[in-house]
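In the order they appear, the protein sequences are chains A, B and C.
If you read the first sequence in our numbering, its first letter stands for residue 1, the second for the next number, and so on.
If you read the second sequence in our numbering, its first letter stands for residue 1001, the second for the next number, and so on.
If you read the third sequence in our numbering, its first letter stands for residue 2001, the second for the next number, and so on.
Calculated from the structure, these hints are not laboratory results.
Any given hint could turn out to be false.
Keeping only pairs whose Cα atoms sit at most 27 Å apart, straight-line, the calculated BS3-like set for lysine-lysine is [claimed, not checked]: (1) B:K1358 to A:K19; (2) C:K2077 to C:K2087; (3) C:K2490 to C:K2471; (4) C:K2127 to C:K2223; (5) C:K2402 to C:K2300; (6) A:K59 to C:K2077; (7) A:K82 to B:K1358; (8) B:K1065 to B:K1120; (9) C:K2360 to C:K2343; (10) C:K2463 to A:K82; (11) C:K2483 to C:K2463; (12) A:K79 to C:K2039; (13) C:K2483 to C:K2360; (14) A:K59 to C:K2294; (15) C:K2453 to C:K2402; (16) C:K2087 to C:K2127; (17) C:K2471 to C:K2446; (18) C:K2483 to A:K59; (19) B:K1120 to B:K1006; (20) B:K1491 to B:K1403; (21) B:K1268 to B:K1120; (22) B:K1358 to C:K2087; (23) C:K2402 to C:K2360; (24) C:K2389 to C:K2402; (25) C:K2471 to C:K2453; (26) C:K2483 to C:K2471; (27) C:K2087 to A:K59; (28) B:K1117 to B:K1019; (29) C:K2453 to C:K2463; (30) B:K1358 to A:K79.
On a predicted model such as this, the values are computed, not experimentally measured, just so you know.
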Amino acid sequence: MVGVEEVRHLAHLARIGMKEEELRLYTEQINEILTYFNMLDELDIGNDIEPYRMSREYKAMRDDIPVAFSAGNALSNAKNVKGRFIKAPKMG
Amino acid sequence: MVSSSKIALSAYELVEEVKVGSISVEDYIASMIERIGSMDERINAYITLNDHALEEARMIDKMVKGYSNDNGSYATKSLLGVPLAVKDNISTQGIRTTCASRMLEDYVPLYDATVVKRLKGAGAIVIGKTNMDEFGMGSTTEFSAFGATHNPWVYERVAGGSSGGSAAALAACMASIALGSDTGGSVRCPASFCSIYGLKPTYGLLSRYGLISYANSLECIGLMARSVLDLALMLKVAAGSDMQNDHTSIDANSSISLDLESMNHDLKGMRFATIREIVESEGTDEPVRDSMFDALSSVERLGAVVEEVSIPSLRYALASYYTIAMAEASSNLARYDGVRYGYTAQPDGVAWNEFYSKIRSNFGSEVKRRIMLGTYVLSSGYYGRYYMKAQKARALIRDEMLKVLNHYNAIMLPTMPILPPRIGERISDPLRLYMVDICTVIANLAGIPALSIPYSMYNGLPIGVQFMARHLDEPLLLRIAYALESARGDKVRRCMI
Amino acid sequence: MTSIGNSDARVRIGLEIHCQLTALRSKLFCTCPADYRGKEPNTNVCPVCLGMPGTLPLLNRRAIEYAMMLALVLNCKIPSRITFYRKNYFYPDLPKNFQITQYNAYEQASVGVDGVVELDDLDGSSKTIRIRRLQLEEDPGRLAYDGSIDRSNYALVDYNRAGVALVEIVSEPDFNAPNEVRLFLNRLASILEHLGICNPALEGAVRCDANVSIGEQARVEIKNINSFKDVERAVTFEITRQRSLAARGIEIRGETRHWDDARRITVQARAKEEEEDYRYFPEPDIPSIVISSKDVEAIKASMPELPHARVERFVNVYSLSRDTAKILVGEKHLADLFEASIKYYDNARSVANWIVTDLKGYLERYDDGGGDGSSSSSNSVILAKVTPKHIAELAMLVDSGKINRATARQILQRVIATGMLPSAIVQSINVDMLSNKDELASIVDKVIEEERKAFMDALSNEKALNYLLGKVMRYSNGRADPKLVLSMLKERVIGTSKTGQ
Ligand SMILES: [Mg+2]
Ligand SMILES: [Zn+2]
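Generate the whole structure from the sequences, applying the supplied hints.
Shown next as structure tokens:
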């Protein structure tokens, strides 16, 4: 089962900042829920069952016709802007 | 102002009056806004009201009086002037859409969801955006950044979730029809708890374009109403292929006939199945089981035959459902990072990982839990053990359900195994909360339509009964509901006026 | 030039190539125009490619067709069901914080798998490069900085490019030498141009990562190679770097390095790149796409003529040598120019020779001798000025003896400078060939006078004779008829030896 360090890594993968006591609480709850999910292990499903997946004919896909978006300013919800650019944090 | 008995009109009745000019839409909407103003402080069904609702109402009045040059096309609009409540995870152009999350507290969509566009096109007026569990993750509408929604029938009880605001708005006559979304029961659960109808359509029958994703392969926009005819009206307008926006939508509108009024009020020749594993489960409350058996004898009196079947793979339904939902959610919600929209901070001088982690710590506790679990089940080494197995279990459950539906017209179940819990009663134990979805998730796993029908009350607490049918057999579900609605008459109250 | 035969089996090079499908009119998953170049930041975007809540990807059918064409040319298998996956990672240029791409770990689901390309162009030897997969995916946006990246406090994002269709081609590490890489990329560029799906000359249209290892040593990834031309350089540098480390007994670390095209070296990536866990899973908003064998046949039938077939046609129909045909077809614009030119002058071999030797030679000198399959933009400027009619006239003037090749080359320069037709240039500067014996005699005599020693050598040495011929050509500004001059020189040499001078 998962320990606090593994949960810390999950929080990093998901980019969710967490305090220590939050990490401990989540570790406990995640373990409880994973224990429940583990019942999937007992499910003896051979490879004759395909995982569920929707499919569609290739011809049903969209035509290559360009339509520029004109219904409003695409940046209207961005708060950190500089000119026409959106400001984002720097990597590193 | 409009009298309180008029406020409770069904949509189809309201449309008749609007078209002959006996009700002014402006008056009607104004009365409803006033009602919301006086009642919603306690119920908390709405997050945002549409500032332009009265304006839109006036436009319709003008049309009806012939003052606008629409050449009388209003006569064909089947939802003319009907106040529509929209769950706050369905995009509405120009109206804030928050998903009941801090992360989107000031996000304003640039476009209408296809279903909203279609309902508006038929004359409906969006009156407001309704409360929900954050991003649809919950069964009680307690996990909302805007506070819990209260059950209009019993204030200290939950309204159900995650579309609790929409259900409560209908039950309290703060809207005439409503949209919800149903990923694992989120339309049917609050419908059952609030004594209204909640339809989860066949996967793909209603376009998902504009529905803010939680678990894409499971969720649908759902329809909520106080009468079966209203549901039928909504379905007719909302259904249909939207391949130009949604590659998972299906083209089936023409094959669905919804002429309810010409239908018989009986269920002769119908064969229904109940599922032993659920009816006999310890998790099912006694009053719920009693109500279910009562409903069973009702449909038998109407001419249907009911038999019990066993679907052993349902044991894995919740594990399969939650694994898939959390996996998809963990990826869908990655986009909320404070760069392009939503909650943010100044990025200057902040390292990117730190920035993202700080912004994203503002998700609510249940959302964080599901993102973390979803991240886990997809991470390398675990995909085969969890996600792949869950999809295989899903395929298995779907096959078994469809096999049952080969022999029976519908499957009959309680909607919720429990009565509406008290606010705060269940939310501290996540796993226990997940367990109450057992009767509903199976329709989402199989992609089939399911309808919760308000059936009875126990000590003032509503109890619904649920039917599931074959793909695209929504007309059958409506027919069952129509027969029960007629048979039950005044025994079921669907709005508290 | 090292040949394939000299390649070092211990050196293993693999390629990961990204090609934008520049011929598409809209992006891969939304209807925004595909041509983002030169637009104001964030003006070529819509709710879908900005990853706005509630939007869904809408797959461009033409993109699948183009990718299938390329997969077929690279001899890939096309699965009967192709599937898109999400690759999850956070990056500011990635609007959804996942990239919709393809993935083959759980099933063979990308547009193409298990292809092979035969490299047979050099020295008669040949080798097989295996293609692991060919997949469709979306391009991210682009980051910019206020001032330099180090000084800036934040990044600036432009999403205009986000969602543009890319084909990613991943080879097995089957290359053993840099020139094999070059050969492969030249071939690929020619295929892309012939299919008309990607213009490799557009800035950023093709990008390449390479991985290089020697023997049992660790594998080094080189990222950020932004033109096919630089790949051979980067790989050559990296092999040399690794060899010299090995020679000094220093262990080679598995790492990611970046190609610095200004300094022409690979440099260690700024930060140690984190071992990412991409959490791939099937994109639930795009159903698996069923491709029937009928669909594949229809795509095959719709494909334009490919390089291989075109070479055969040039050899069979126009009697070109195979080498000449290959050089023409190697750069589609040259092959097109050839076919257009012979409509004006039907001596195909002479037109082909003119293009392959004179025109191409000129372009290569102009283009710093990089020898890349794709033309640089300055070359395309030149090619825009040289029309089929120009080429036809030049070849015709030479064949008719009106001008010699050297003069024709000078005229080419004037064509490029002025756009005038060669016949008009000839008239205006009177550069018809000097074939008047009297006029030539004075020049010949002057040269013999100046180059007495060479003239004496010419009695016994052919090279000296050619030297004298060159000098006469120079004094005549290239106008002299070389055949005539040669015979005149020989006459004088023979005369001299007879008189015993
Ligand atoms: Mg790639
Ligand atoms: Zn777009």
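Checked hints:
1. At roughly 11 Å between alpha-carbon atoms, K1358 (chain B) and K19 (chain A) fall within 27 Å of each other, so this suggested pair holds.
2. Only pairs whose Cα atoms come within 27 Å are accepted, and K2077 (chain C) paired with K2087 (chain C) is accepted, the gap being roughly 23 Å.
3. This hinted pair checks out: K2490 (chain C) and K2471 (chain C) have alpha carbons roughly 15 Å apart, not beyond 27 Å.
4. Proximity of K2127 (chain C) to K2223 (chain C) is assessed by CA-CA distance (about 26 Å); at most 27 Å being required, the pair is judged to hold.
5. Taking the CA atoms of K2402 (chain C) and K2300 (chain C), the gap is near 48 Å; set against the 27 Å cutoff, the hint is violated.
6. Between K59 (chain A) and K2077 (chain C) the alpha-carbon distance is near 20 Å, which keeps this suggested pair within the 27 Å criterion.
7. Annotation: proposed proximity of K82 (chain A) to K1358 (chain B) holds, straight-line Cα distance about 22 Å (limit 27 Å).
8. Taking the CA atoms of K1065 (chain B) and K1120 (chain B), the gap is near 20 Å; set against the 27 Å cutoff, the hint holds.
9. Among the hinted pairs, K2360 (chain C) with K2343 (chain C) is consistent with the structure: their alpha-carbon atoms are about 20 Å apart, no more than 27 Å.
10. Of the pairs offered as hints, the one joining K2463 (chain C) and K82 (chain A) is violated, with about 70 Å between alpha carbons and a cut-off of 27 Å exceeded.
11. At roughly 16 Å between alpha-carbon atoms, K2483 (chain C) and K2463 (chain C) fall within 27 Å of each other, so this suggested pair holds.
12. The hinted pair formed by K79 (chain A) and K2039 (chain C) meets the criterion: a straight-line CA distance of about 22 Å does not exceed 27 Å.
13. For the given pair, K2483 (chain C) sits about 25 Å from K2360 (chain C) by alpha-carbon distance, which is consistent with the 27 Å threshold.
14. The suggested pairing of K59 (chain A) with K2294 (chain C) holds, with an alpha-carbon distance near 12 Å, which does not exceed 27 Å.
15. Between K2453 (chain C) and K2402 (chain C) the alpha-carbon distance is near 33 Å, which puts this suggested pair outside the 27 Å criterion.
16. Proposed proximity of K2087 (chain C) and K2127 (chain C) is contradicted: the alpha carbons are some 34 Å apart, above 27 Å.
17. Under the criterion of a C-alpha separation no larger than 27 Å, the hint pairing K2471 (chain C) with K2446 (chain C) is consistent with the structure, at around 10 Å.
18. Of the supplied pair hints, the one linking K2483 (chain C) and K59 (chain A) is violated, its CA atoms being roughly 65 Å apart against a limit of 27 Å.
19. Proposed proximity of K1120 (chain B) and K1006 (chain B) is supported: the alpha carbons are some 22 Å apart, at most 27 Å.
20. At roughly 35 Å between alpha-carbon atoms, K1491 (chain B) and K1403 (chain B) are farther apart than 27 Å, so this suggested pair is violated.
21. Between K1268 (chain B) and K1120 (chain B) the CA atoms are separated by roughly 37 Å; this puts the pair beyond 27 Å, and the hint is violated.
22. Restraint check for K1358 (chain B) and K2087 (chain C): satisfied, since their Cα atoms lie roughly 23 Å apart, inside the 27 Å limit.
23. Proximity of K2402 (chain C) to K2360 (chain C) is assessed by CA-CA distance (about 22 Å); at most 27 Å being required, the pair is judged to hold.
24. The straight-line distance between the Cα atoms of K2389 (chain C) and K2402 (chain C) is roughly 17 Å, inside the 27 Å bound, and the hint therefore holds.
25. Using a Cα cut-off of 27 Å, the hinted pair K2471 (chain C) and K2453 (chain C) holds, with the two alpha carbons roughly 14 Å apart.
26. Restraint check for K2483 (chain C) and K2471 (chain C): satisfied, since their Cα atoms lie roughly 14 Å apart, inside the 27 Å limit.
27. Of the supplied pair hints, the one linking K2087 (chain C) and K59 (chain A) holds, its CA atoms being roughly 25 Å apart against a limit of 27 Å.
28. Between the alpha carbons of K1117 (chain B) and K1019 (chain B) the distance comes to roughly 21 Å, so the proposed pair stays at or under 27 Å and holds.
29. With a C-alpha separation of about 13 Å, the suggested pairing of K2453 (chain C) with K2463 (chain C) holds against the 27 Å cut-off.
30. Restraint check: the Cα-Cα separation between K1358 (chain B) and K79 (chain A) comes to about 17 Å, which is no more than 27 Å; the hinted pair holds.
Of the numbered hints given earlier, the model fails hints 5, 10, 15, 16, 18, 20 and 21; all others are met.
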